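Participant: Protein chains in written order, with full-length UniProt numbering: chain A, 1 to 291; chain B, 1 to 291; chain C, 1 to 291; chain D, 1 to 291; chain E, 1 to 291; chain F, 1 to 291.
The hints are simulated quantities; they were obtained by calculation from the structure and are not laboratory data. Treat the numbers as computed from the prediction; the structure is a model and nothing was measured. Virtual Cβ for every residue (Gly too), placed ideally from N, Cα, C. Just to be clear, a hint being listed does not mean it is correct.
Here are the simulated lysine-lysine pairs, DSBU-like style, with alpha carbons at most 35 angstroms apart [claimed, not checked]:
1. D:LYS111 x D:LYS96
2. E:LYS228 x A:LYS200
3. D:LYS118 x C:LYS277
4. D:LYS228 x D:LYS200
5. B:LYS61 x A:LYS61
6. D:LYS4 x D:LYS129
7. A:LYS111 x B:LYS61
8. B:LYS277 x D:LYS277
9. E:LYS135 x E:LYS118
10. A:LYS4 x A:LYS61
11. A:LYS118 x A:LYS96
12. D:LYS200 x D:LYS277
13. F:LYS111 x D:LYS129
14. D:LYS140 x C:LYS228
15. C:LYS61 x E:LYS135
16. B:LYS118 x A:LYS61
Here are some chain D residues pointing at chain F (derived, C-beta under 7 angstroms) [as the list claims (entries may be wrong)]:
17. TRP27
18. TYR30
19. ILE40
20. ARG51
21. GLN53
22. VAL139
23. GLU142
24. GLY146
25. ALA147
26. THR154
6 protein chains.
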Amino acid sequence: MANKLRLGIPKGSLQDATIALFERAGWRIYANGRSYFPTIDDAEIECMLIRAQEMSRYVEKGVLDAGLTGIDWVVESGLDVESVTSLVYSKQSRQKVRWVLAVPEDSPYQKAEDLAGKVIATELVEVSKRYFAAKNVDVKVEFSWGATEVKPPTLADAIVEVTETGSSLRANRLRIIDTVMESETRLIANRSAYADTWKKHKIDSLALMLNAAISAQGQVGLILNVEKVNLPAVLSVLPALNSPTVSELSDRNWVALNTILEEGVVREVIPRLKAAKATGIVEYPLNKVVL
Amino acid sequence: MANKLRLGIPKGSLQDATIALFERAGWRIYANGRSYFPTIDDAEIECMLIRAQEMSRYVEKGVLDAGLTGIDWVVESGLDVESVTSLVYSKQSRQKVRWVLAVPEDSPYQKAEDLAGKVIATELVEVSKRYFAAKNVDVKVEFSWGATEVKPPTLADAIVEVTETGSSLRANRLRIIDTVMESETRLIANRSAYADTWKKHKIDSLALMLNAAISAQGQVGLILNVEKVNLPAVLSVLPALNSPTVSELSDRNWVALNTILEEGVVREVIPRLKAAKATGIVEYPLNKVVL
Amino acid sequence: MANKLRLGIPKGSLQDATIALFERAGWRIYANGRSYFPTIDDAEIECMLIRAQEMSRYVEKGVLDAGLTGIDWVVESGLDVESVTSLVYSKQSRQKVRWVLAVPEDSPYQKAEDLAGKVIATELVEVSKRYFAAKNVDVKVEFSWGATEVKPPTLADAIVEVTETGSSLRANRLRIIDTVMESETRLIANRSAYADTWKKHKIDSLALMLNAAISAQGQVGLILNVEKVNLPAVLSVLPALNSPTVSELSDRNWVALNTILEEGVVREVIPRLKAAKATGIVEYPLNKVVL
Amino acid sequence: MANKLRLGIPKGSLQDATIALFERAGWRIYANGRSYFPTIDDAEIECMLIRAQEMSRYVEKGVLDAGLTGIDWVVESGLDVESVTSLVYSKQSRQKVRWVLAVPEDSPYQKAEDLAGKVIATELVEVSKRYFAAKNVDVKVEFSWGATEVKPPTLADAIVEVTETGSSLRANRLRIIDTVMESETRLIANRSAYADTWKKHKIDSLALMLNAAISAQGQVGLILNVEKVNLPAVLSVLPALNSPTVSELSDRNWVALNTILEEGVVREVIPRLKAAKATGIVEYPLNKVVL
Amino acid sequence: MANKLRLGIPKGSLQDATIALFERAGWRIYANGRSYFPTIDDAEIECMLIRAQEMSRYVEKGVLDAGLTGIDWVVESGLDVESVTSLVYSKQSRQKVRWVLAVPEDSPYQKAEDLAGKVIATELVEVSKRYFAAKNVDVKVEFSWGATEVKPPTLADAIVEVTETGSSLRANRLRIIDTVMESETRLIANRSAYADTWKKHKIDSLALMLNAAISAQGQVGLILNVEKVNLPAVLSVLPALNSPTVSELSDRNWVALNTILEEGVVREVIPRLKAAKATGIVEYPLNKVVL
Amino acid sequence: MANKLRLGIPKGSLQDATIALFERAGWRIYANGRSYFPTIDDAEIECMLIRAQEMSRYVEKGVLDAGLTGIDWVVESGLDVESVTSLVYSKQSRQKVRWVLAVPEDSPYQKAEDLAGKVIATELVEVSKRYFAAKNVDVKVEFSWGATEVKPPTLADAIVEVTETGSSLRANRLRIIDTVMESETRLIANRSAYADTWKKHKIDSLALMLNAAISAQGQVGLILNVEKVNLPAVLSVLPALNSPTVSELSDRNWVALNTILEEGVVREVIPRLKAAKATGIVEYPLNKVVL
């Protein structure tokens with residue numbers, strides 16, 4: 001199909017967050033009730049809602065040119081696709097998620113090797129099998145439809161389950177004994193689609209803008225004035241990561257600084273800036289950031 | 001465990017409707033955030049939230065004494081449990097649901113036999129395999145994580161999918177060519193739990209009250225007065241199913257009737273009752289019905 | 001069209017109340033977004049949403065067989081339709097509404113005749129013209145698109161406006177000097193449709209059931225027991241309108257009464273019933289009442 | 001004021017539940033934004049919103065003829081008013097609430113006497129003082145504006161606090177060592193107003209109807225048919241509290257029973273009724289009950 | 001009235017969007033329930049809610065000094081008012097709306113002239129009459145209260161109806177055969193009020209600020225740094241409409257650009273800016289824009 | 001406690017506004033249902049919810065290091081705490097609130113002295129006593145639990161009540177005759193905690209950031225370009241309070257201005273800026289302002 005990118009959007013728990021991310025990046029996606037084909041305000045893109053677990057299959061077979069899904073499900077599928085960029089935008093936290101091996105709190109198991117001959121329940125069957133195979137531990141891995149945390153000890157001896165903070169595992173009295181894999185959302189592409197010049201350009205623009213919107217979410221802009229004599233002190237207070245833009249003012253003894261800061265450090269940086277004699281400090285919100 | 005019934009509640013799409021049904025039947029279930037163990041206002045019951053797909057496994061292994069789930073998932077599991085009663089309470093309609101074999105509208109396939117050698121996508125893998133095996137048709141049945149309707153023709157040649165009205169299949173331009181199985185919600189029990197006198201009594205009381213609440217939902221009470229001379233005409237208008245209670249009035253020429261009617265026929269029955277000279281016709285709502 | 005009743009539902013302020021009334025009467029109407037043709041769960045009826053002002057025109061021309069609208073708009077149109085029944089179900093009150101002639105509080109006008117040569121603003125142009133013509137008062141009646149209450153004295157000398165309680169007129173400092181017409185909702189029918197046996201029967205059933213639902217809304221059922229010796233005292237307390245059903249009990253000295261009461265009088269009747277030695281007094285809700 | 005009852009409605013946490021109770025009892029109260037004088041659809045009543053703590057003062061001084069408030073605040077005020085009836089309608093539970101003496105979980109205090117010389121924080125200052133005085137224990141009782149549970153041990157040694165289930169006390173690691181007083185909502189009246197015939201009649205009617213609505217909330221109606229030969233068995237299953245109404249049917253071998261049951265026992269009674277061969281068992285909802 | 005501007009706000013479908021626009025422009029308007037006189041936080045303005053259809057009449061007669069309404073209703077009224085500025089802020093799209101001549105899809109009519117002798121239903125009676133008169137086509141134009149799309153072919157042969165996208169016409173199986181007039185929202189003023197210096201200044205300030213808020217809604221700010229050697233390449237990527245502000249940095253080899261962009265082009269411009277070696281690209285939101 | 005600041009958050013009417021203010025200042029506070037100890041995303045702070053009336057007591061006793069409360073309750077308590085900064089962020093207005101002495105509209109009282117021997121109802125007992133004592137007026141001050149406005153004349157002769165606009169007093173037909181005290185929210189600190197270097201630094205940082213967020217709420221940023229020849233005219237239009245940042249552009253004849261404005265004056269300033277030949281005027285939102 002000429003000049004048309006077929007793009008997979010993950011259906012289910014990530015769907016709303018994904019549509020919100022695209023809106024911040026500059027694309028409006030409209031979900032139409034129960035249809036699998038949401039509309040998008042870009043004539044060069046066609047969207048399709050697909051479960052994250054099956055995304056890599058659609059992309060690998062070329063039904064889709066690109067799609068968003070977790071790297072866990074890409075690895076689980078064992079299929080060969082291009083990983084264009086990582087996109088960390090889940091609402092709850094901005095950390096990566098982990099698939100962990102967990103056992104009942106009061107069980108004797110301390111490491112994977114202790115589980116030889118046991119039953120492991122998980123939604124991530126293939127990755128779990130490879131994990132134990134790599135350790136030469138012989139276990140029975142059973143597919144779980146969900147609510148995996150309640151299975152031990154009656155229906156399973158241990159589980160391989162996804163977690164961000166571990167709180168759900170603790171609430172079910174489970175103890176983590178190893179990390180099986182880390183995961184995060186990825187923009188993936190079909191290998192031959194990504195070899196096509198037009199499609200590669202379109203996919204790369206998408207990746208750029210999605211990341212621009214992600215960056216802006218946790219950052220803010222800061223403008224301030226500083227007398228040149230105080231500039232070194234002020235600069236020493238700013239995080240080294242991004243060098244600020246220093247511009248000339250009509251009053252030649254002063255300069256203006258414009259910089260980007262992580263939202264979480266502002267409450268510590270502003271008091272230090274004021275102590276270093278910065279004035280006219282103004283924090284303003286950002287839509288997109290490309291450094 | 002003595003005098004304690006372990007009961008499985010289906011987690012997910014049926015969960016809210018199930019909790020509402022229990023409330024109408026006389027039990028309040030309180031879901032506690034993300035816990036799998038909701039509380040219930042009956043000291044003789046312990047609840048657990050389990051995906052419908054795994055309910056029969058928990059019941060068969062005796063982790064639970066009884067549970068509510070679809071008969072489709074019981075058959076899929078191939079496990080041996082007691083089916084205590086059917087419970088038809090899904091919100092949208094009160095019909096049974098069907099798992100159907102569907103193909104693209106414009107495909108040449110007219111019957112299961114036309115699909116020899118083809119790929120069938122479904123969430124109900126084992127039932128589908130048995131269906132084709134019984135017809136001696138050799139197909140490849142692949143597990144689908146959902147959104148099965150969009151797979152033909154690129155990722156599957158046909159699908160086995162659940163439907164109530166067929167509207168979602170039509171919207172995805174699929175044509176039904178056979179019914180693979182009918183399903184409905186069931187209260188199932190572990191065979192040895194159901195052999196225990198106390199547990200059987202408790203399960204049977206649950207079944208009775210749940211059905212009493214289900215019956216009441218689609219029915220209403222009707223009271224009316226009728227002169228004895230008009231009684232045959234009035235009785236002939238009432239549906240034959242439930243005979244009304246006829247009680248004596250102080251005025252010996254009249255009787256009062258009290259009966260239960262399907263809500264859907266009231267709009268036709270009341271005009272006929274009035275034509276048959278019934279008076280003082282009053283319709284009132286019901287909470288529970290045990291005929 | 002054989003065995004199909006085309007029914008007009010008033011679009012706008014009465015729409016939701018009308019759909020709710022039909023549900024209580026036994027018919028579910030589903031509005032479909034912006035479509036003018038809602039679906040209904042009765043294969044013998046086709047619905048159409050029409051503004052109340054234009055209903056009589058659609059019914060008179062036979063585009064619709066029957067419809068619900070205010071008698072004010074029927075009279076305004078001057079068209080000849082059958083008025084099948086009145087239906088008083090507006091939410092705010094159960095009184096009729098009135099179109100009144102109102103003038104500024106501090107104006108000298110006391111009666112219609114004082115307005116000779118003046119400008120009258122109203123949405124009900126034809127009825128207003130006839131009202132003044134019948135009194136031989138020459139005025140200029142101007143059509144108003146709404147917000148008629150704010151027009152005097154700059155854009156009109158007086159208005160003819162609809163009101164239930166008069167509070168909106170008072171808030172705009174207007175004084176009522178006459179009632180031009182009273183109005184209420186009516187079920188109207190096309191004359192030739194109403195001459196057709198099947199359609200007449202269908203329309204009359206609708207009228208019966210809509211009124212049954214309206215009656216039930218403001219009434220409740222009351223059951224009580226009374227010793228025969230106290231029966232006259234108890235009966236004297238009950239409103240004379242509906243005679244109660246008196247039924248025989250196994251205890252021959254007692255009877256049971258079952259009756260229907262206006263909801264608004266219950267708080268006065270129950271204390272008197274108790275004083276008259278009634279026992280086991282129970283009030284229960286009603287869905288429909290046909291006396 | 002002739003033929004006008006001035007009635008106090010408790011402002012604050014009980015306000016919505018009180019207005020809902022009056023609606024079920026037959027009176028609609030309309031709160032008007034921030035006004036202290038809600039309107040009511042009864043020309044013989046004038047309402048005023050007053051904090052429960054001050055209700056008995058308004059009633060004792062004759063500013064109000066009657067009002068609803070907790071007996072705790074009546075006793076706290078030490079004022080002389082008529083207690084007309086108790087009204088137990090709080091949403092969470094239908095138990096009485098208790099003011100308890102509580103100390104830190106890990107403190108050595110076991111009884112009131114152990115607190116001699118200590119500081120007691122409470123909102124119920126006078127009642128607490130009298131409690132300790134009656135035991136001849138000398139303590140310092142300090143008024144608390146709320147959040148009393150967090151004061152021990154830094155700002156108080158013990159507290160006197162209201163509780164229904166004790167869960168909030170446990171959450172703040174406090175231990176109950178005594179009950180200071182039980183409380184519940186009461187309808188109270190001014191003594192001279194209650195001596196006036198018209199006002200007494202009006203207040204008693206209110207008390208009757210409010211209790212009728214409260215009774216109905218936790219009860220349901222049950223109708224059933226039973227062959228006379230099975231009547232003793234069926235009657236033995238019904239709770240002894242309310243004897244059912246037994247009425248004669250046209251079929252002389254059968255009778256119909258109509259009775260009122262606590263909602264909470266229905267799930268146990270219906271299975272027993274069926275076992276005792278009752279048929280046509282129907283449960284219906286109630287608005288008001290006066291036995 | 002000295003130093004007081006009487007301003008009409010369109011009541012009905014545009015009301016909420018208008019109040020939101022004023023808030024973005026710097027004025028808060030508070031609608032007071034059913035009053036026609038909302039308050040505004042500017043002592044120099046008095047607001048009045050008026051239906052768009054009647055706005056030009058109030059403004060022409062001098063009851064209002066200025067008001068917002070559609071140019072369609074101004075032309076329909078035939079009255080002489082000053083058109084101060086156009087204001088395109090409707091939510092759905094930012095295109096102008098059109099009044100079109102539409103006929104049933106399967107009718108033979110292809111142009112206005114084919115409708116000679118036919119009935120045309122419309123809410124815009126006078127404009128429609130003039131349209132046909134200008135073409136010397138004799139038709140009967142009838143006023144429609146709404147739902148005009150369902151009138152053909154039974155109650156009208158063609159309609160003149162307002163549309164943004166044509167989707168409602170298509171849904172009712174109508175075909176557009178001509179555009180009768182284009183419309184958009186306007187700020188209009190009374191001619192003599194606009195001749196008053198103080199009122200003209202106030203109206204012009206309103207026009208300026210309303211347009212400043214409208215401009216900001218669809219635009220964003222963009223800041224970026226660029227090495228002077230790359231400046232021509234970067235500038236060539238930016239839309240020619242608004243020239244960016246180029247400011248000097250302390251590092252003399254670099255400049256900073258600050259510019260305003262249409263929100264819809266950002267997703268194309270940022271990738272090109274990055275390709276042209278711009279750095280530190282930041283997009284920020286705007287409240288108002290006056291270029 | 002080392003490196004841990006114990007901070008009191010006012011429970012009740014100010015709670016949500018306070019949590020929202022902290023979020024804008026850079027701290028997220030999570031209220032946990034009914035717990036008095038909300039969590040905060042700063043490991044150096046521990047929060048506690050305390051009623052405003054008791055805050056100074058907790059701070060003075062050292063249970064808390066610092067807290068937010070009204071200066072009225074600080075003065076009422078008579079306790080000695082450090083007042084770190086005022087924080088004016090109540091939603092309704094940004095004015096200070098006043099405790100006023102009010103009497104019935106039609107009473108003869110004109111000044112405090114006229115109330116000798118009378119009863120004064122108030123929630124602010126100690127402050128009121130001191131107010132009258134300072135004037136040598138002997139009155140009886142009674143504690144009121146709320147709804148103080150309805151007490152005169154039956155339960156009190158006058159009241160001391162808090163008000164922002166006086167509208168509630170007027171609605172209850174009361175007349176203000178004096179201001180007893182002005183109040184506003186304050187960040188207060190325990191004297192010895194504020195003497196600790198680490199705690200003082202932490203409290204001062206909090207004060208700085210809370211004020212930065214408060215300032216930003218009512219202000220906006222304004223950027224504009226101006227030819228140097230027009231600079232004096234443009235500068236004369238800007239409020240004198242904050243001098244704008246003037247920066248050099250590549251085009252040496254022009255400068256760019258960046259300034260902060262009160263939101264309320266923007267609608268007057270922008271038209272004047274345009275008249276003074278400023279171009280490219282852009283208003284943007286702010287998160288925090290420290291001048």
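Participant: Run every hint past the structure and note whether it holds.
Facilitator: Hints and how they fare:
1. D:LYS111 x D:LYS96: holds (23 angstroms)
2. E:LYS228 x A:LYS200: holds (30 angstroms)
3. D:LYS118 x C:LYS277: violated (57 angstroms)
4. D:LYS228 x D:LYS200: Violated, at about 46 angstroms.
5. B:LYS61 x A:LYS61: Violated, at roughly 40 angstroms.
6. D:LYS4 x D:LYS129: violated (38 angstroms)
7. A:LYS111 x B:LYS61: OK: LYS111 (chain A) and LYS61 (chain B) at ~28 angstroms, within 35 angstroms.
8. B:LYS277 x D:LYS277: holds (34 angstroms)
9. E:LYS135 x E:LYS118: With Cα atoms ~14 angstroms apart, LYS135 (chain E) and LYS118 (chain E) stay inside 35 angstroms; holds.
10. A:LYS4 x A:LYS61: The given pair, whose Cα atoms are some 17 angstroms apart, holds under the 35 angstroms limit.
11. A:LYS118 x A:LYS96: Holds - the C-alpha atoms of LYS96 (chain A) and LYS118 (chain A) are around 29 angstroms apart, at most 35 angstroms.
12. D:LYS200 x D:LYS277: Between LYS200 (chain D) and LYS277 (chain D) the Cα gap is close to 48 angstroms, so the pair fails against 35 angstroms, i.e. violated.
13. F:LYS111 x D:LYS129: Distance of about 39 angstroms is beyond 35 angstroms: violated.
14. D:LYS140 x C:LYS228: violated (65 angstroms)
15. C:LYS61 x E:LYS135: Holds, because 31 angstroms separates the two Cα atoms, which is no more than 35 angstroms.
16. B:LYS118 x A:LYS61: With Cα atoms ~17 angstroms apart, LYS118 (chain B) and LYS61 (chain A) stay inside 35 angstroms; holds.
17. TRP27: Hint on TRP27 (chain D): violated, closest Cβ of chain F at ~21 angstroms, above 7 angstroms.
18. TYR30: violated (17 angstroms)
19. ILE40: Cβ of ILE40 (chain D) sits 17 angstroms from chain F, so the hint is violated.
20. ARG51: Hint on ARG51 (chain D): holds, closest Cβ of chain F at ~4 angstroms, below 7 angstroms.
21. GLN53: Status holds, d = 4 angstroms.
22. VAL139: violated (19 angstroms)
23. GLU142: violated (10 angstroms)
24. GLY146: holds (5 angstroms)
25. ALA147: holds (6 angstroms)
26. THR154: holds (5 angstroms)
When the structure is compared with the earlier hints, violations turn up for hints 3, 4, 5, 6, 12, 13, 14, 17, 18, 19, 22 and 23 and for no others.
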